[in-house]
Amino acid sequence: MRIKTLLASAAALAVVPMLSACTENASSGGGDAKADARALTVGSSADACELSATEAPAGTLSFDVTNTGSDVTEFYLLGSDGLRIVGEVENIGPNLTKKLTVNAPEGDYFTACKPGMVGEGIRAAFKVTHSEDEQAVSASDQELIDQAQTNYRAYVQDQSAQLLVKTKEFVQLYEGGKDDEARALYPVAREHWERIETVAESFGDLDPLTDAREADVDFAAGEKWTGWHRIEKDLWPQDAKGYTALTSAERTTYGDDLLANVTELDGRIQATGSDALTYPIDAIANGSIGLLEEVANGKITGEEEAWSHTDLWDFQANVDGARVAYEGVQGLLEGKDPELAKELTAKFAALQSVLDQYRDGDGFVLYTDLTPADTKKMTDAVNALSEPLSKLTAAVTS
Amino acid sequence: MTGGRLSRRGLLGGGAAAAGVAGAFAAGRLAAPDPERVAAPAASYPFHGERQAGIVTPAQDRLHFVALDVTTEDRDELVALLKAWTDAAARMTGGGSAGPVGAVDGPGNAPPDDTGEALDLPPGRLTITFGFGPGLFVDADGKDRFGLAERRPEALERLPRFSADVLDPARSDGDLCIQACADDPQVAVHAIRNLVRIGFGTTTVRWSQLGFGRTSTTSTSQSTPRNLFGFKDGTANIKAEETEALDQHVWVGAQDDAKAAWLVGGSYLVTRRINMTIEVWDRQSLDAQEQFIGRTKGTGAPLSGGEEMTEPDFSMQGSAGPIIPVDSHVRVVHPDTNDGVRILRRGYNFVDGSNDVGGLDAGLFFIAYLRDPRTHFIPLQRAMSKSDALMEYLRFTGQALFAVPPGVGEGEYVGQALFEG
Numbered sequence: 077m078r079i080k081t082l083l084a085s086a087a088a089l090a091v092v093p094m095l096s097a098c099t100e101n102a103s104s105g106g107g108d109a110k111a112d113a114r115a116l117t118v119g120s121s122a123d124a125c126e127l128s129a130t131e132a133p134a135g136t137l138s139f140d141v142t143n144t145g146s147d148v149t150e151f152y153l154l155g156s157d158g159l160r161i162v163g164e165v166e167n168i169g170p171n172l173t174k175k176l177t178v179n180a181p182e183g184d185y186f187t188a189c190k191p192g193m194v195g196e197g198i199r200a201a202f203k204v205t206h207s208e209d210e211q212a213v214s215a216s217d218q219e220l221i222d223q224a225q226t227n228y229r230a231y232v233q234d235q236s237a238q239l240l241v242k243t244k245e246f247v248q249l250y251e252g253g254k255d256d257e258a259r260a261l262y263p264v265a266r267e268h269w270e271r272i273e274t275v276a277e278s279f280g281d282l283d284p285l286t287d288a289r290e291a292d293v294d295f296a297a298g299e300k301w302t303g304w305h306r307i308e309k310d311l312w313p314q315d316a317k318g319y320t321a322l323t324s325a326e327r328t329t330y331g332d333d334l335l336a337n338v339t340e341l342d343g344r345i346q347a348t349g350s351d352a353l354t355y356p357i358d359a360i361a362n363g364s365i366g367l368l369e370e371v372a373n374g375k376i377t378g379e380e381e382a383w384s385h386t387d388l389w390d391f392q393a394n395v396d397g398a399r400v401a402y403e404g405v406q407g408l409l410e411g412k413d414p415e416l417a418k419e420l421t422a423k424f425a426a427l428q429s430v431l432d433q434y435r436d437g438d439g440f441v442l443y444t445d446l447t448p449a450d451t452k453k454m455t456d457a458v459n460a461l462s463e464p465l466s467k468l469t470a471a472v473t474s
Numbered sequence: 481m482t483g484g485r486l487s488r489r490g491l492l493g494g495g496a497a498a499a500g501v502a503g504a505f506a507a508g509r510l511a512a513p514d515p516e517r518v519a520a521p522a523a524s525y526p527f528h529g530e531r532q533a534g535i536v537t538p539a540q541d542r543l544h545f546v547a548l549d550v551t552t553e554d555r556d557e558l559v560a561l562l563k564a565w566t567d568a569a570a571r572m573t574g575g576g577s578a579g580p581v582g583a584v585d586g587p588g589n590a591p592p593d594d595t596g597e598a599l600d601l602p603p604g605r606l607t608i609t610f611g612f613g614p615g616l617f618v619d620a621d622g623k624d625r626f627g628l629a630e631r632r633p634e635a636l637e638r639l640p641r642f643s644a645d646v647l648d649p650a651r652s653d654g655d656l657c658i659q660a661c662a663d664d665p666q667v668a669v670h671a672i673r674n675l676v677r678i679g680f681g682t683t684t685v686r687w688s689q690l691g692f693g694r695t696s697t698t699s700t701s702q703s704t705p706r707n708l709f710g711f712k713d714g715t716a717n718i719k720a721e722e723t724e725a726l727d728q729h730v731w732v733g734a735q736d737d738a739k740a741a742w743l744v745g746g747s748y749l750v751t752r753r754i755n756m757t758i759e760v761w762d763r764q765s766l767d768a769q770e771q772f773i774g775r776t777k778g779t780g781a782p783l784s785g786g787e788e789m790t791e792p793d794f795s796m797q798g799s800a801g802p803i804i805p806v807d808s809h810v811r812v813v814h815p816d817t818n819d820g821v822r823i824l825r826r827g828y829n830f831v832d833g834s835n836d837v838g839g840l841d842a843g844l845f846f847i848a849y850l851r852d853p854r855t856h857f858i859p860l861q862r863a864m865s866k867s868d869a870l871m872e873y874l875r876f877t878g879q880a881l882f883a884v885p886p887g888v889g890e891g892e893y894v895g896q897a898l899f900e901g
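Here the protein sequences line up with chains B and U, keeping their order.
For the first sequence, the residue numbers in this note's numbering are 77 to 474.
For the second sequence, the residue numbers in this note's numbering are 481 to 901.
Excised from the complex, chain U in its bound form (with noise of 0.2 Å):
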């Protein structure tokens, strides 16, 4: 091999030209957005830092997750694991290799450490975001795994089924979890390709999930995108810029567990696999889509009036009871009913195929961070399984929860207080 090594962040400065032109057409292509809004987004997302990355970063568009249990029984081996992912985290979000070698530039008769599909391409704004699930800290026959049991944080349990749920276990729970969001989706399956890859023999793939076409807005230099239902999605997220919101809603507080002081500025992540029954919603009259979700399906709008950001008037009559339904989506997860909670919503659009009487495998896979499930999640999913409109059109076929733990310093290792603190 000559010349200088190959490798993607060797390509940064062409790559992030071409990121730049991209960003424009991308801009071009949304409707007349407020030219303020659309900030130049960063090349690539350093991974160290107070708080994991791909929480409040603003939201790619393409995702990977991946949820995996661990098959060692050896913590030491574990441990070993976080580091080596740890390491090629940190180099895959700088738009390097999963190893230090890399694709091209090791030995010819042994594989690379890198697989190479990202070799030419910019870092693609990937951020990798690790999670621990329930299963980490003692098993189903309630065994401690690893020593970790007194450290299981107390709202750190399996989610309980929902009214209307069709649970597949096989798309639900897992140990462990990794979030690759990236601008290109090659960018972030080459991440979880290569983490999975190194983890084997450590860990197995439970379940992952691909997504396009992000469904929140979790920065104000974003505009608000649509999921499949054509709607625009994620107006009342919060957002990166409401730091008093975060700490009130996504982060975990020095107060709020005991034991589990290792996850204090970390989260909990929820996801849920929610399957529309898009050939059913696109046969619904307009009126009836916009009642459903309480919204206009054009600017996005509450029925109340106004324009996308203005705040629902729930009071406001119309001519046959209040004009936004009691049952329309935006009413029944509002936190104005819902004691006020907020959650920082991440998900993504699917499209898995088709299924097999020939309708769209398709949906919303719904990721949202905060700070304790049992107030910021359970009842808000609850109320919406018992009272919104939407629920005909929808169908709850995975989900899982894990605790997402703070930000990794330069030298340590992600979730380094879990195991050492």
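This is chain B alone, in the form it adopts within the complex (with noise of 0.2 Å):
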């Protein structure tokens, strides 16, 4: 329920990183020797930007980027037009080292350190020589990154839109008391929460406001509680300790509340022009491993829904979201790392199948009905993904 820092500021970003990343995982081809040609080093100064080579062999390139000088820095790797950027590092405090790891074809560059992050930067040519063992980079690259965005972009849209149409609905069931078609649409309406729910998160101020469960709320330092998991509490009040059930006046106060903060929520989803939001392709990568990690933490647990169990709703639901961000960066993946693509298809394949067996009917068993056992077996196919899944966003943006 906490806002991801990674996906915000990476969505608040209007560049997107080309085939870059500041990961060790890049594979470096080659025996040791030509490794080492591969392996470079900067040193970025306040006036100047020193490499220890002006060239490398093609293939996957390092640079150890040290900052010699007073100012945060940056490094880029830039396109032979000098605009494309090719591969970057950021923030790199004062005496301090990042690595950029990037796939770089044979041709023509230039190098930059920025010191304060402003300006042209200290540029020089630099140069990718020929080699045998270098990696084709796909022309069709960019295709695939600018459709897996777009398509990303319609998914959120549309489930934005369902979440506020279900919303409206269970709302107008809470607040006119028909209790059992509010209970049977809650589990519902909020698969479209849970499906899209790195995205919501990344709303630092409606996120708390809208799905803070009990426990996360710090009464005695006066915070309020309100949206989903209020209303969940006094829908299924059996295993609350003296529950007061809230009067008529509360529940329109409750949730009318709710539904103010989805519709404006679906607002800044929906919006166009210079406040549109854009989602990287790190984003999309991170998403997918964000809400795999919101399986772990909290649905696998019985925290989410403490008082209605219908957690497993909730887990396929992110479990949804994860794959159609996985499926959209699935073409980029196949062509940087195939074996990752083959076995992150069957892990997901693999975590459905134990899913299913948990269900019944439209929906799912609750989850005070599972057994030490069966929430294991649910444990070891999350971990079985998840740890794979983590390298996604390395592999399609090396």
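None of these hints come from the bench; they were simulated from the model.
Some hints here could point you the wrong way.
[Claimed, not checked] Computed footprint of chain B on chain U, listed as stretches where at least three residues anywhere in the stretch have a Cβ under 8 Å from a Cβ of chain B:
#1 833–843
#2 860–871
[To be verified] Each computed BS3-like pair below joins lysine-lysine, with the alpha-carbon atoms no more than 27 Å apart:
#3 U:739 to U:623
#4 B:175 to U:563
#5 U:623 to U:563
#6 B:175 to B:244
#7 B:244 to B:254
#8 U:777 to B:467
#9 B:467 to B:452
#10 B:300 to U:866
#11 B:203 to B:254
#12 B:254 to B:317
#13 B:244 to B:203
#14 U:866 to B:309
The C-beta atom is built at its ideal place from N, Cα and C for all residues, glycine as well.
Given two chains presented individually in distinct reference frames, assemble the corresponding complex, making use of the accompanying hints.
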């Protein structure tokens, strides 16, 4: 239920960091001698940008960038036009070192250090020479990236719109005292929230108002509890000790508040023009990872739906969201790391088949019906998928 | 039985030499420590003194902590126990046995007054620290249990529940606590086991916690260790050498609380059992981990640059806001964002096996000593619960607050000023 720092900051960036990653996971091509020629160091001071070499053989290059100045610095590898960003590493504090790993085909480039992160930077020509073990960078990558971003944006907008419709319906039932129908709709409406949970959570102001659990609220400090789970407790009070049902007027207050916040969320998600949300490729991949993290942290433990015990609906919706995000970048991944793509596809299917065992009619069994052996089986399937999935962002951006 | 009495004290000579070798090995494993910062550790610390040992004492590597409830209603029995504990603690910290006779020198037809597992072991720099919980003064019904209610420090109340806490009552609170720290886990466990044994009939164990790998530095003679997230922990901790900061933030002052004159020169002790969701954390990218913490994983330098001890520059801007994120741990708990408040942390890593879905039941057993929980802990924890990005990977499963009386002089017993002052 907390803010995903990475998604929030990544979403705030208009620039799509193409083909770049600050990771050490990227495979280094060739033997030791060849690998050495591809391992470069950069010293970025206030007025100089010193590289250990001005050329390297094609393949996976790594730049260890050390900031020897006193301002924050950045390092770029730019295309021959001096505009296209092939790889970048940002936010290097004074006296710190960060690594840029980038897959560069033969050609002419520019390097740039940008002390203070302003201006053109200190530029120099850089040459990538022919190499036998050069990895072809597909010309269609950009197309795949564009397509993934467009599709993911459409998916988020569609889910958000459905969330708004179902929330309206739910609030009407709840405020109208139709409790059985409201209870039936609750997990179904929330599926749309859970499918795009990492995006919804990136709005740090709306998320706690909408999705805070009772245990998240610091009542001693005067915090108020509103949103889905406040209403959940009122609809499923049987597990609560000495619970006083909300009055009709209180129901209206909480119901209207939920609808207002979901409406505001949808407004931000559907925004166009300069307010439009963008989903860079790494944000999509991180979103997939983040949704599985939600499963491991909150759903598998039965903490999310403490009163209704409809955790498996959320679980399925998180997995849906993760799978859609993954499938959006799958084409790109297949070009870069086909083994990982194969593994992820298989592990998603395996997790789904475990979940399918707990279907009950249109929905799922309640969390309280699960045995420790059941949750162990689910945890194992989530771990089996999450571990390789955590490599997704680095793989699609390398 | 022939020959001299076999005691741990008698083995001190050989033991000290062994400790020296162990110390050299430990130093050799550190990543190129500054030689001047690795001082030769003492073989043992005295139990008696102006302050209780185990607070600013250079943090040892092992912990056994126990919280107990008092079962007697007889004040004299309680005082007798404190006297017995004081004697036993003084003996054990000096390398001796728990009882005056020892593990093997008593009559054959009676159980020994020491359990014996620490025979042949050096003192292991053992420290034993005692504290009093709110329940010792008044019980849950408000009853004055031992005529101490008028001396209950105002700040000594059960800690509130913080947001996102999943506190287990069976791992929280307690009328009394004993913290045993040592270089050797067997020495620490031996101490707690024997003190608990002495308390049977007067006290009952509420919960206990084993810890390994200190997660903070309480002396400039120590290098900064790492927690189970792999990050250096305790870089900015108050150190024993900072006497002014200790007076300001750790020791209870003469004017602090008129009702609790007995606590002057003592401190408050907060414990929090913090489970870490290890498996999920391990799947975070290096960049994400560093942004959660606000420091680099390698050297521990703040993201604003420099080396481990460089002060973080929170105003320095990165490409998308401050280079040290506003929700990073180092920023949320930094004195600059908390009215200058500092605490002395003395936490330990723990791994209590695995949970029922096969994950590590592991984390950090947080221990902090501070002058007043109302100013020095509660606001800090509240800020962390509310704003710290790290919270996503933490679960607080237990907590307790104790008042820790000042040190024990020769011939005195722990807490004497509370009962007789």
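*Which earlier hints can't be squared with this structure?*
Of the numbered hints, 4, 6, 11 and 13 do not hold.
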